[in-house]
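Trainee: Residue-level listing of the chains:
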Amino acid sequence: MNDRIHPFASLLAAVARGITGVQVQWAGCEPDEKQRIYFANHTSHLDFVVLWSALPSDLRAHTRPVAAQDYWEISALRRYVVTNVFNAVLLQRGVMAQAKSPEEARYAGRALIEQMAAALGDQYSLILFPEGTRGNGEKVGSFRAGLYHLALRRPDVELVPAYLENMNRILPKGEVLPVPMLSLLTFGKPLQVEPGEEKETFLERAREAVSSLRRIGSA
Amino acid sequence: MMLPAIHDAKLAWLFGGVLFLLLVSTLIGRWLKRRRKGEANRATIDNLNERIRAWWKMCAIFALAILVGRVGSLVLFGLISFLALREYMTLVPTRRGDHRTLFWSFFVIMPLQYYLIGIQWYGFFAIMIPVLAFVYVPTRIAIAGDTAHFLERAAKIQFGIMVCAYCLSHAPALLLLKIPGYEGQNARLLLYLVIVDQMSDVLQFVWGKLLGRNKIAWRVSPNKTWEGFFGGVLSATALGAALWWATPFTPLQSAGMSFTICILGFCGGLVMSAIKRDIGIKDFGRVIEGHGGILDRIDSLCFAAPIFFHLVRYYFVP
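In order, the protein sequence lines correspond to chains A and B.
With the numbering used here, letter number 81 in the first sequence gets 85, and the count goes up by one each step, no holes.
With the numbering used here, letter number 168 in the second sequence gets 182, and the count goes up by one each step, no holes.
The reader is advised that the hints may include incorrect statements.
Per the computed footprint, the stretches of chain A lying under chain B, defined by three or more beta-carbons under 8 Å from a beta-carbon of chain B, are [what the hints assert, rightly or not]: (1) 171–181; (2) 184–191.
Quick list of simulated restraints, FRET-style, between CB atoms [unchecked claim]: (3) Ile78/A / Ile141/B: 44 to 52 Å; (4) Trp135/B / Ile78/A: 40 to 48 Å; (5) Val145/B / Thr137/A: 37 to 45 Å.
What the hints contain is simulated information worked out from the structure, not anything from laboratory work.
All of these numbers come straight from a predicted model, not from anything done at the bench.
Glycine included, every Cβ here is placed at the ideal spot set by N, Cα and C.
Between the sequences and the hints, there should be enough to build the whole structure, so can you do that?
Mentor: Below, the structure is given as structure tokens:
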């Protein structure tokens, strides 16, 4: 692992900022060296790059996206971009659904959490889209359980909600060419799993924390 | 590249006048800041100073573009169109099915409009958006297949292209006009339009702040008053008339032109305010400090430019 930012990553970040003209609001916290998991709504391929580019440059070198292996390993170019340029953590989607027994599913799930915990190490932060897939921008979908388990596994890491506005209109699912509308990125107040809090309660609270940061109404 | 504008003494006088105004207003702003009292005043004065600072930057960019010549003006106005269209489309609700149409608006229709001015093809420039884009936009949305709010969506997109690209592009298109006895001096005509239009906005604001009592359309824009309107329009018209020496007009013609620019500028501001009211926002964006967005600054120009262009073309181009 290296701590330097790939020049191509900086270039892509600049392009993404240019297209989206993103304005960044730190509404619930300030940029910080602390290890964090930034979790946000997901509607566009540009989401990660925009969120990443919104961080101060000294934090960017230590912030890694979590991405779906099945999607990003389709071509050599994709794999290069995601692993070499952005130093992403690639997770296998759907391993738990494919498992033959509940036992095996639990084991696969735990392996994913361990993989993310290891990727955090003692200095990295992660960018996570807990919906697990891109939505249509109308409503933040329900969160996968990974966020909850990872939060329990690494209670020392801060969980920061973020809302990306308008990204579904800039580059929606299924489109290749972006429309340069303006976007707004709001970081909210960090949250944590309360003692004894149920998985579903926490995930709904986290989803609400992201959703409540929305400023512009839906179409 | 040649810089013919640099040898234009009258143009230099116009810019000198703008510089003088900026200096005076900066000094007044400083003076007000030192003797201000009370919180409400403070916010107004800070906003005023912010606006003056932004004016310095805008004037510097504009002067540079004019000095570079036709290409400079086209690039500058093309960029302004782009930013304005971006603010507009961001705030006007569109649907997923509009994506490709919007892409075309930004990256084909809008640049083509400015390219047509660049190659001086007046006939195509005049009909491209009102005729071709008008047919293209609803067709493309129909092909995309989503019929919900169809007419609304097509109208919103067409209106955005009309205002931000078509109307505004008439300002740099002034450089195309071949006015006998005025060859190579059209940059001054563009500057004249922008000065009168923007000063009309500023003076309406100032008169409104000083004397404003009776609101014109309080539902649409609470800041527009009859006192501000008359004071602003009359003083900006007087200013425009006094600038006749920079134009192909006589003093009386210049007063008429300026009056038209002021009235249309007012209409533009009113219409854009109505749109903002409808969407439920105060400003279109936050790009220029103190001014709201780009579109808030140029709304008056969008309405004034095409009419001014055609008046000049009708009466002064044989």
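Trainee: Indicate, hint by hint, whether the structure satisfies it.
Mentor: Going down the list of hints, with the structure as the test:
no.	hint	result
1	171–181	holds (count 5)
2	184–191	holds (count 3)
3	Ile78/A / Ile141/B: 44 to 52 Å	holds (46 Å)
4	Trp135/B / Ile78/A: 40 to 48 Å	holds (45 Å)
5	Val145/B / Thr137/A: 37 to 45 Å	holds (43 Å)
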